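Chain order of the listed sequences is A and B. Residues in the first sequence are numbered from 1 upward in steps of one, following my numbering. Residues in the second sequence are numbered from 1001 upward in steps of one, following my numbering.
If you are wondering where the hints come from, they were derived from the structure by calculation, not from laboratory data. Note that this is a predicted model, so its numbers are computed, not measured. Each residue gets a CB set at the ideal place from its N, CA and C atoms; glycine is no exception. Treat each hint with caution, since some may be false.
Pairwise CB distance ranges (calculated) [said to hold, decoys possible]: (1) Lys169(A) - Ser1182(B): 41 to 47 Å; (2) Thr1025(B) - Glu234(A): 53 to 59 Å; (3) Thr1172(B) - Lys169(A): 27 to 33 Å; (4) Lys1024(B) - Glu203(A): 46 to 52 Å; (5) Arg1035(B) - Gly16(A): 39 to 45 Å; (6) Ala48(A) - Ile1180(B): 44 to 50 Å; (7) Phe1093(B) - Glu234(A): 39 to 45 Å; (8) Ile1171(B) - Glu240(A): 33 to 39 Å; (9) Lys1017(B) - Lys169(A): 36 to 42 Å.
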Amino acid sequence: MRNFRNYGEEEIIFNGKFNFISGNNGQGKTNILEAISFSALGKSFLGASETDCVKFGKEEFLIESVFENDLENMDKITVGYNSIARLKAIYKNKEKVSAFSSEIFGRYPMVILSPKSLDITHGNPSDRRRFFDILISQASRLYLDYLKELVKILKQKNALLKNYTVLKKYAKAEFTDMLNSYNEKLSDISSKIIFKRINFLKEFEKYFEKNFSFLSSEGHKSRITYYSEIFETELNGSEETSIDDIKECMSRVLNEKSEEEISRAVSLAGPQRDDYIFRLKKRDGDYFDIKHFASQGEHKTCIVALKLSEYDYLKHKKSTDPILLLDDVLSELDESRVSSIISHLKDYGQIFLTTTDKGYLENLKVFYGEEEISVFEIENGTLINRHEAHRHKIEN
Amino acid sequence: MQSTSDALDTLIEEFSKLPQIGRKTAQRLAMYITRLPKEEVEKFAGALIETKDKIRFCRICFNITEDDTCRICRSDKRNRNVICVVEEPQDVFALEKTNEYKGLYHVLHGIISPLDGIGPDDIRIKELIERLNENEGAHIEELILALNPTVEGETTILYLSKLLRHLDIKITRIARGIPIGSDIELADEVTLARAMEGRVTV
């Protein structure tokens, strides 16, 4: 990489199994993970803008990376960004591709566990929708296209409502027919999206339950349910619903809300307002809402279980081991939870872990052979143990 | 980028206003013009002016014509009981190339899109309704909606079907699906899903 964050020019050869990246705070450990996320996803996993990723005083950054699979097939991905032209370009094996093309999107599955992951259970419904939308899209291209269509329909519908209510355009009858047309289209696409989400939960649930039980020492149980205003109750995937049933519910709610939508000149119903609810059950109690009632520790268990399930799900869907990024999780998630993950890290593919605690390396050496761990020490945007870190690769 | 001639800059500027023409292509076209013999350039300029002077829209279907009505509307070989509704005149050219469709057309000159400020009154929908009511001597049996399968096209189809539901006319839309001669495995997932939705009994 060149001129990315606090790095000048840096070349790193990673280990196919475990990459232990250590250094003090603010030295650039996470930046390495961010560069990896640019290569695999076309964007920053922290949601940072490209301009922020350009080294201070420079105009552009460049990240070149080589992915190699078990069959030693190699893909070379190049991501470049120029902050003056505000232009990002991605090349795969020297051919220009877009970040959403199937050549990139979902091709190099990646699971990221970082302190920011806690937003999923702590944050707004939009944080949860974004997490699940990205996950489902990686397994189903069709779902991604449905989402894009939903966005277009909502934009048009909102413009229609604004034109009528605020700008006083259109005759009443004309407007009503147009609104009904958009609502019909909206019911159609919404039912497809919600149906996919519910079916996803049905499949995801078995991974989530398994991982949560594994992590929870007290024998707690957790489940994820789907909340949409259009249904009377939360759905957990076990219900038998058809696209037509959902479409009918959606049409009914759109009718009921129509008056309010017109007076407020904004769309008020649809999958863009739905939520996923994480619920926890202690031994004899009922399931309760984690967001509002769980302890910090319970939140963390839930997030780790979620991320491990994301890993299992992607591995199953993509028939390949996803790349696992563990950013500063030893300090944020408490150590006993992380240890229980580490204890079966052997089952995972390539892992990148950042930490300030170099001593933790000893815990890992129990599980990995010497050849399977590379240690990278980072100081002020530079790899300071280059020779040692690349020793194995060079010898091989 | 400035050339060393104001006239050339103006020409590049004008070319780059054309759809699908970027700055570089505009430059190449303008340079091409400078190398043409003068009579060729005069022919080219004449064709532009002549097109603008002579072209107008058919009184009945709003297709492109040089007369009051277009050739298709005047023809006595066409089936006057069927009208095919399209977005733009070029869609008529495309459908005519098939030599399969024998009915008449109606060109909307646009599509409903509130985002772009285009409502039903901004395209030729009123004229379509008048046409359906007047009948011009023949009863319209079928209205075929051949609009693009975009969000805007689909909602315009829904809108027209609501607007015209009280008329005793069969309203159809053209099928969406796999292009002929291509493989199912090459089709994208949305196209395939749509093709599944629109499946027919054999």
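Can you tell me whether the CB distance of Ile1171(B) to Glu240(A) sits inside 33 to 39 Å? holds (34 Å)
CB-CB spacing for Glu203(A) and Lys1024(B) relative to the 46 to 52 Å hint: holds (49 Å)
For the pair Phe1093(B) and Glu234(A), does the Cβ-Cβ distance stay inside 39 to 45 Å? Since the Cβ atoms of Phe1093(B) and Glu234(A) sit about 54 Å apart, the hinted range of 39 to 45 Å is violated.
Ala48(A) and Ile1180(B), beta-carbon distance inside 44 to 50 Å? holds (47 Å)
Gly16(A) and Arg1035(B) - C-beta distance against the hinted 39 to 45 Å: The hinted range 39 to 45 Å is violated for Arg1035(B) and Gly16(A), with Cβ atoms some 59 Å apart.
Does the Cβ pair Thr1172(B), Lys169(A) satisfy 27 to 33 Å? For Lys169(A) against Thr1172(B), whose Cβ atoms are near 30 Å apart, the range 27 to 33 Å holds.
Determine whether the Cβ-Cβ distance between Lys169(A) and Ser1182(B) falls within the hinted range of 41 to 47 Å. holds (42 Å)
Cβ separation of Thr1025(B) and Glu234(A), checked against the hinted range 53 to 59 Å: holds (56 Å)
Can you let me know if the beta-carbon spacing of Lys1017(B) and Lys169(A) is within 36 to 42 Å? violated (29 Å)
The structure fails to meet hints 5, 7 and 9 from the earlier list, while all remaining hints are met.
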